[in-house]
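Chemist: Note that the protein sequences, when read in sequence, are chains A and B.
Taking our numbering, the leading residue of the first sequence gets 1154, the next gets one more, and so forth.
Taking our numbering, the leading residue of the second sequence gets 1154, the next gets one more, and so forth.
Check each hint, because a few of them may be wrong.
Copies of one chain are not kept apart here, so a pair can be met inside one copy or by any two copies together.
[Stated by the list, open to error] The list that follows gives simulated cross-link-like pairs (lysine to any residue, SDA-like), each with its CA atoms no further than 25 Å apart:
| id | residue 1 | residue 2 |
| --- | --- | --- |
| 1 | LYS1556 | LEU1227 |
| 2 | LYS1556 | VAL1532 |
| 3 | LYS1586 | ALA1159 |
| 4 | LYS1458 | ASP1202 |
| 5 | LYS1492 | GLU1446 |
| 6 | LYS1269 | SER1405 |
| 7 | LYS1275 | GLY1381 |
| 8 | LYS1196 | ALA1485 |
| 9 | LYS1451 | LEU1531 |
| 10 | LYS1524 | LEU1415 |
| 11 | LYS1458 | GLY1381 |
| 12 | LYS1431 | GLY1218 |
| 13 | LYS1301 | ASP1202 |
| 14 | LYS1524 | ILE1614 |
| 15 | LYS1196 | LEU1217 |
| 16 | LYS1451 | ILE1614 |
| 17 | LYS1374 | ARG1406 |
| 18 | LYS1451 | GLU1328 |
| 19 | LYS1492 | GLY1449 |
| 20 | LYS1492 | ASN1376 |
| 21 | LYS1166 | THR1265 |
| 22 | LYS1242 | PHE1200 |
| 23 | LYS1213 | LEU1525 |
| 24 | LYS1492 | GLY1482 |
| 25 | LYS1243 | ASP1427 |
| 26 | LYS1586 | GLY1482 |
| 27 | LYS1547 | GLY1381 |
| 28 | LYS1458 | LYS1528 |
| 29 | LYS1528 | ARG1420 |
Hint data in this document are derived by calculation from the structure and do not stem from the laboratory.
This is what each chain is made of:
Number of protein chains: 2
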Amino acid sequence: MSAPTAFLDFVDKNADKFIGRLADAVAIPSISGDASRRNDVYKMAAFLDEQLRSYGLETKLVELGDQEIEGQTLKLPPAILGSIGTDPKKKTVLIYGHYDVQPADISDGWDTDPFKLTIDDKGRLIGRGSSDDKGPVLGWVNILEAHKTLGLELPVNLRFCLEGMEESGSEGLDELIESETKKGKGSYFDGVDCVCISDNYWLNTRTPAVTYGLRGLTYFKINIHGPGRDLHSGVFGGTVHEPMTDLIKIMSRLVDPDGTILIPGVREMVGEPDEEEKLIYEGLDYNISDIEESAGSKTAISSDKATVLMGRMRFPSLSLHGIEGAFHGVGAKTVIPAKVAGKFSIRLVPPQTPENVNPLIISYIESEFAKLNSKNTLVLEDLHGGKPWVENTKHWNYEAAIKATKAVYKQAPDLTREGGSIPVTLTFAESLKVNVLLLPMGRGDDGAHSTNEKLDRSNFIEGTKLLGTYLYEVAAITSKA
Amino acid sequence: MSAPTAFLDFVDKNADKFIGRLADAVAIPSISGDASRRNDVYKMAAFLDEQLRSYGLETKLVELGDQEIEGQTLKLPPAILGSIGTDPKKKTVLIYGHYDVQPADISDGWDTDPFKLTIDDKGRLIGRGSSDDKGPVLGWVNILEAHKTLGLELPVNLRFCLEGMEESGSEGLDELIESETKKGKGSYFDGVDCVCISDNYWLNTRTPAVTYGLRGLTYFKINIHGPGRDLHSGVFGGTVHEPMTDLIKIMSRLVDPDGTILIPGVREMVGEPDEEEKLIYEGLDYNISDIEESAGSKTAISSDKATVLMGRMRFPSLSLHGIEGAFHGVGAKTVIPAKVAGKFSIRLVPPQTPENVNPLIISYIESEFAKLNSKNTLVLEDLHGGKPWVENTKHWNYEAAIKATKAVYKQAPDLTREGGSIPVTLTFAESLKVNVLLLPMGRGDDGAHSTNEKLDRSNFIEGTKLLGTYLYEVAAITSKA
Chain A
1154 MSAPTAFLDF VDKNADKFIG RLADAVAIPS ISGDASRRND VYKMAAFLDE QLRSYGLETK
1214 LVELGDQEIE GQTLKLPPAI LGSIGTDPKK KTVLIYGHYD VQPADISDGW DTDPFKLTID
1274 DKGRLIGRGS SDDKGPVLGW VNILEAHKTL GLELPVNLRF CLEGMEESGS EGLDELIESE
1334 TKKGKGSYFD GVDCVCISDN YWLNTRTPAV TYGLRGLTYF KINIHGPGRD LHSGVFGGTV
1394 HEPMTDLIKI MSRLVDPDGT ILIPGVREMV GEPDEEEKLI YEGLDYNISD IEESAGSKTA
1454 ISSDKATVLM GRMRFPSLSL HGIEGAFHGV GAKTVIPAKV AGKFSIRLVP PQTPENVNPL
1514 IISYIESEFA KLNSKNTLVL EDLHGGKPWV ENTKHWNYEA AIKATKAVYK QAPDLTREGG
1574 SIPVTLTFAE SLKVNVLLLP MGRGDDGAHS TNEKLDRSNF IEGTKLLGTY LYEVAAITSK
1634 A
Chain B
1154 MSAPTAFLDF VDKNADKFIG RLADAVAIPS ISGDASRRND VYKMAAFLDE QLRSYGLETK
1214 LVELGDQEIE GQTLKLPPAI LGSIGTDPKK KTVLIYGHYD VQPADISDGW DTDPFKLTID
1274 DKGRLIGRGS SDDKGPVLGW VNILEAHKTL GLELPVNLRF CLEGMEESGS EGLDELIESE
1334 TKKGKGSYFD GVDCVCISDN YWLNTRTPAV TYGLRGLTYF KINIHGPGRD LHSGVFGGTV
1394 HEPMTDLIKI MSRLVDPDGT ILIPGVREMV GEPDEEEKLI YEGLDYNISD IEESAGSKTA
1454 ISSDKATVLM GRMRFPSLSL HGIEGAFHGV GAKTVIPAKV AGKFSIRLVP PQTPENVNPL
1514 IISYIESEFA KLNSKNTLVL EDLHGGKPWV ENTKHWNYEA AIKATKAVYK QAPDLTREGG
1574 SIPVTLTFAE SLKVNVLLLP MGRGDDGAHS TNEKLDRSNF IEGTKLLGTY LYEVAAITSK
1634 A
């Protein structure tokens, strides 16, 4: 069952209106990781809730408790649970997305105000959250609006689970999903047949994708403190143990420039691919020039395509993100910082989990710090984490997504594993025990988490059609799990 | 010749007025290293010039040319040259100080607004620049005001050289001093018999000091860039060479946690002290608890007093100051920074100079970077530097400073070498070929370059008396160089 022409036409005709709504959403700086922006996260929840309700969704804003952040106790942003349709003859699809965003500031190097959606002459919709994840979430709002306005019946029952803490470890969400699942009859997740996650990207800029795997994550903060306050390097240089010296030493022992993770036992958990598995990566529509283009540099870790793709999808990777507390401004400040905190994370793949990897990390860093013979103090913090996930692609859920892609884009999607982490994916799979897929809207060069994040206009509009068509293809498949 | 009682009384009676003037000066955030504050540096120059002129100094604001900073071309802050007295029977003393300050922001961890002078219940005058170097410079203004108001003749001819770029490499000043010196007759420096530098601190919190040595400095920025923009560590981790990984590796190879400098040839330039030299350091009024108190932690590099003092005064030290371009905020941002710049400096001692040390640094870092086999790009920048300096303490200039200290503080000063760098000291010594000394106003725990910088009220007031008395003691000594 292909999507009705009326729906597809509506999307084309209302493109500018949809983009206007995305601009309104981008204008709310809903940065979950910054305590000072928490009110904007609440504001974004209210904005989204109002949109969903106006197009017929019944919603509930679920409080998720409190959070300690930057020494304050803050209320967590609510999860938005939503429901439309209860026809027992229809399949029920659960949609996941998030309405919070990564930090962004013009001083990070944005060409335009990150919280003012800017449309350039190539039709790119530029702004923080445009692609991650306000665009995709509003794609679903577009679909609801189209059906309500046209008086069209939705082909499936829809459930929504939208959160405001995805960029900060999805705090509180796992507990909600588990408790809501346990309610059984009458719960928002009762009767859900499959899950569609709207929060990732194509592998490249040409070929749509359906994603069946995600890396997990474990994120650490290495705190080292010594002096009671920052010191002048002329007056104190050579007289005290300097926290930066210790921290840099520890950070340098985590990863090598070729990407080798140096924490004993971590990389060793993951087996090597056989020749057959390597062929999967060889077959994807992707080449070294794609990564060079999206990274904006000729600095790929290898000239072998499969090696680079496996580096992203199949193997763990460790990134050093930065240091809190050291001098980070311009100029030449001669300071000995008193308290510094290095931040790094490891992307995990099966069978790695935060539970089996974190003890290796902690014991290694503690033992390396002890070797330094420093009088400074080490405190390790595990900031957040999530397990990796790999799904069965032979399921009708994937069949529907592949058919929808062919209908809208006239080409088969790449079946991909993604390098990023959406821990809730695994929670849905484990709690609901149904098939889960990721159906991305944006392209591989969208720059999520980066400066100048964008979503191509065509991806927003055709992506809205894709998500809608996917629902019709789900409905058309007679086998029900 | 001790200072007249009228002068000493005037200082006591006008203490609150003097502190008010210091508050006015601190309120001007004259941060020379921050392009956006350049107007405040000009404003501070105008404020100081107006004060000096109102008490009888003839001044000239000397333009020092342009500076490239943060991609802009800015006018350098002017040097203030000043002159009062031309009596050929009197000695002529040249005073040096600076009116710019280090960066400061409440978010760095200040307990109070750094640019609002706050007086606490211990009589501490807290604010950026209170001790480094607005307090000492205004000490001289206090002396001029006292003499003008009381109708007292100054015992010496005074010349001033005050700059606004000390915290940023004293750009333009060397050229000014050299060209002014070359003018000979009629120049501001004509006939100068000795130099008094007002820009350092006592070794401890009890004993005044006269300083005869300074470490030099060389400050480097290690730029490493790769991707065209910041990347998402989920999408790109494991696929590209990450600039942070390379930078941290390089920075970790500069210095060990015990302070050992790892750049071959740098430490080796400096000879070991013999037993007699060690005794000098054993004799200073200083102990491990002093450094622990001023650092606010029990993290001294050694439990041996002489080792710690030599670490500050007699040996080079390398400090890692921070990283520009990496994630430095709170929270857990999963970014791969595209362009990072690590900053470090080495404090130099004779016979080290930037000229003989920099080639060792550059060749070592380039060779270590080559070993990384990274496709990223390294660019090294030498931000600024200055030679170290050691002076002859048997000169009458030192005799006068020691006598003045005994008169005001009723105790002999520590004769110290200082760990910090005031490159212009050497320029004065080499250009004018006269004796130079440093006569500090503040204490060892003032926290210059740090948060909560302060100057004790007693140091500001007694320090003003000390500087004035020093002039009378210089005048009293009959031998003239």
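Chemist: Hint by hint, work out which the structure violates, then give me just those numbers in ascending order.
Modeler: 1, 2, 3, 4, 6, 12, 14, 16, 18, 21, 22, 23, 25, 26, 27
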